[in-house]
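Undergrad: Here is how the chains run, residue by residue.
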Amino acid sequence: MSYTKLNMTNEEYSEYVKEKEKTSPIVKDCLIAFLVGGLICIIGQLIFDIFEKQYGFSFKNASTYTTISLIFIGALLTALRVYSKIGDKAGAGSIIPITGFSNSIVSSAIEHKTEGVVMGIGANMFKVAGPVLVYGVCSSMIIGFIYWLIKLF
Amino acid sequence: MKIGEQTLVFEKKPKILNTASIVGPKESEGPLSIFFDHKIEDELFGEESFEKAESKFTQAAIDALLTKAPLDKYMVDCIFAGDLLNQCIATGYAIRDSNIPLFGLYGACSTFVEALILASSFVNAGYYKRCIATASSHFGSAERQFRLPLQQGSQRTPTQQWTVTGAGAALVTHNNDRYKSPVVTHATVGKIVDMGIKDVANMGAAMAPAAFDTILTHLEDTKRKADYYDLIITGDLGKMGSEILIELLQAKGINISTNHNDCGMLIYDLVSQDMHAGGSGCACCATVFSGYVYDLLKSKKIKNVLLVATGALMSPVSLGQGESIPSIAHAVAIETEV
Amino acid sequence: MDVLMIYLRVFFTGGIICLIGQILIDKTKLTPARILVVFVVTGAILTSIGIYQHIIDFGKAGASVPISGFGYALAKGVITEVDKHGFLGIFTGGLVATAAGVAAAIFFGYFAALFSKPHIK
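Chains as they are written, first to last, in the working numbering: chain P, 1 to 153; chain D, 154 to 491; chain F, 492 to 612.
Straight-line distance between alpha carbons at most 30 angstroms, and here's what the computed DSSO-like set of lysine-lysine pairs gives:
1) D/Lys221 to D/Lys456
2) D/Lys456 to D/Lys333
3) P/Lys20 to D/Lys392
4) D/Lys405 to D/Lys376
5) D/Lys344 to P/Lys5
6) P/Lys5 to D/Lys376
7) D/Lys405 to P/Lys18
8) F/Lys518 to P/Lys127
9) D/Lys451 to D/Lys376
10) D/Lys155 to P/Lys5
11) P/Lys5 to D/Lys378
12) P/Lys5 to D/Lys351
13) F/Lys520 to P/Lys127
14) P/Lys18 to D/Lys351
15) D/Lys453 to D/Lys378
16) F/Lys608 to D/Lys192
17) P/Lys113 to P/Lys89
18) P/Lys28 to D/Lys179
19) D/Lys179 to D/Lys205
20) P/Lys89 to P/Lys28
21) P/Lys28 to D/Lys351
22) D/Lys179 to P/Lys20
23) P/Lys20 to D/Lys378
24) D/Lys451 to D/Lys378
25) P/Lys89 to D/Lys192
26) D/Lys405 to P/Lys20
27) P/Lys20 to F/Lys518
28) D/Lys351 to P/Lys20
29) F/Lys520 to P/Lys85
30) D/Lys166 to D/Lys221
31) F/Lys608 to P/Lys127
Hints were generated in silico from the structure; no laboratory data involved.
So that you can see chain P by itself, here it is in the shape it has in the complex (with noise of 0.2 angstroms):
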């Protein structure tokens, strides 16, 4: 702990601080997340539907198809300066569909272009949405294993 002439431990500060903290307007937050989320995904349905019943693809391709539109849709508005201005409102709600995870690889490549093609956008576009496929796939490959296990038996 370092010296100060604050008569207070770190626990009693942190409280005081918690208890300062005018904390996120909750309410708000949650109404925007909700709305921004619910028509993302009712656009993915949208694209999904014209992709089954109009082009009539098979129900596996036509949401493969819809998953890369959104995933160009998400890098688009990233690569227009959209994207951000959505996510300062909506929080959650720009983040969690797959857009979001699109506009975390676009900007992360954006953001380090500067340090070169190669080693600036190769090596950082993943910087944000990395973890996501690390842990993704590790988390499918324990499911895997356990399945491929019960099944032996």
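Using the hints provided, position chains D and F relative to the given structure of chain P.
TA: Chains D and F in isolation, oriented as in the chain P frame:
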């Protein structure tokens, strides 16, 4: 000479002969706009990257200072400068072509006052006649070093602060010049204070105890009352940090609620500019002092000021390793010459 | 089923998932990267114990568009592949199922970066 625990007295009273400030677009829209010497509309300042832009801000602040003084470059003995970036690159590249000796400093957002104290000390000791103290920060470069990519759509919390884009510079000279200028009389060098706060989105709360400690020590060392100063101005505690500072001092029987202000709260209109808790960064204190506070002193609207700059000395690495935020505050007392 | 009803369900499911995320952000101060990780892993686990499939059946895109749907795709993929190829499926399953999305994100990310420059919000 050192008095009390941590305070230096400058008997020779080094002068702050002149100051210069240069700011980016957001700061130009703020309430202090008219006090800044140069306002740049382009946050990249015509450069390719934010880091290069920040260097150019430092360079432009020094150039503006030399023009305003007016002073030839070779008359400057030394520059005391720093910024927020790793290895202080903004400063290093800004001074590269100047042919002036440099002390590169890192004190996070307290850098400007650290530079002022050191420049005053060297001048007071008689080693140097004219020194420049300067510091810079840039929203773009700071954000990418300390937080998330700029285009990442994430929310800013109410206690979060906005890094000021710009640079401020002050010319500290020995006291034989005929021009009347504000003089540096005392400096209190801060200690690291860490109350275990880990939330980078609430730097004000992490740094307030450091400011508290330094101000209290300063008043004890100089045997002054808080109302001795017309203005006690903190660097970048923001709204939250300022409230905490006032309350902590109140508990010790010191009332600064009437003469305290915070550079971070002055530089932006917190509500209309949607700045949450206020401004931060080296340039916050540097530009507000060089622009606004220095003007108040010059025009004799106030006769003395205690400038307390606070710095949070963490890095993304230390935070990743679960460390809390160590903070520091340096104070410098500046008076108008009678 | 009535189209409007489907869309209402999509909206509701997607909205609720994001709302949970928002509560996590406001209450625990998790960074976006951590929120995404939590949702992916949760999605995968809920799929493996058979719950997420029900959410997908009910909410359709409302459950597949959020990043937990990515976890669903990973977990479902690995189970299908293990059924088909046995042990090898553990390694191929997750990525095979999500390959298109990951490839698209890399490709679009790369080109978006080539054509734009860093900018403040």
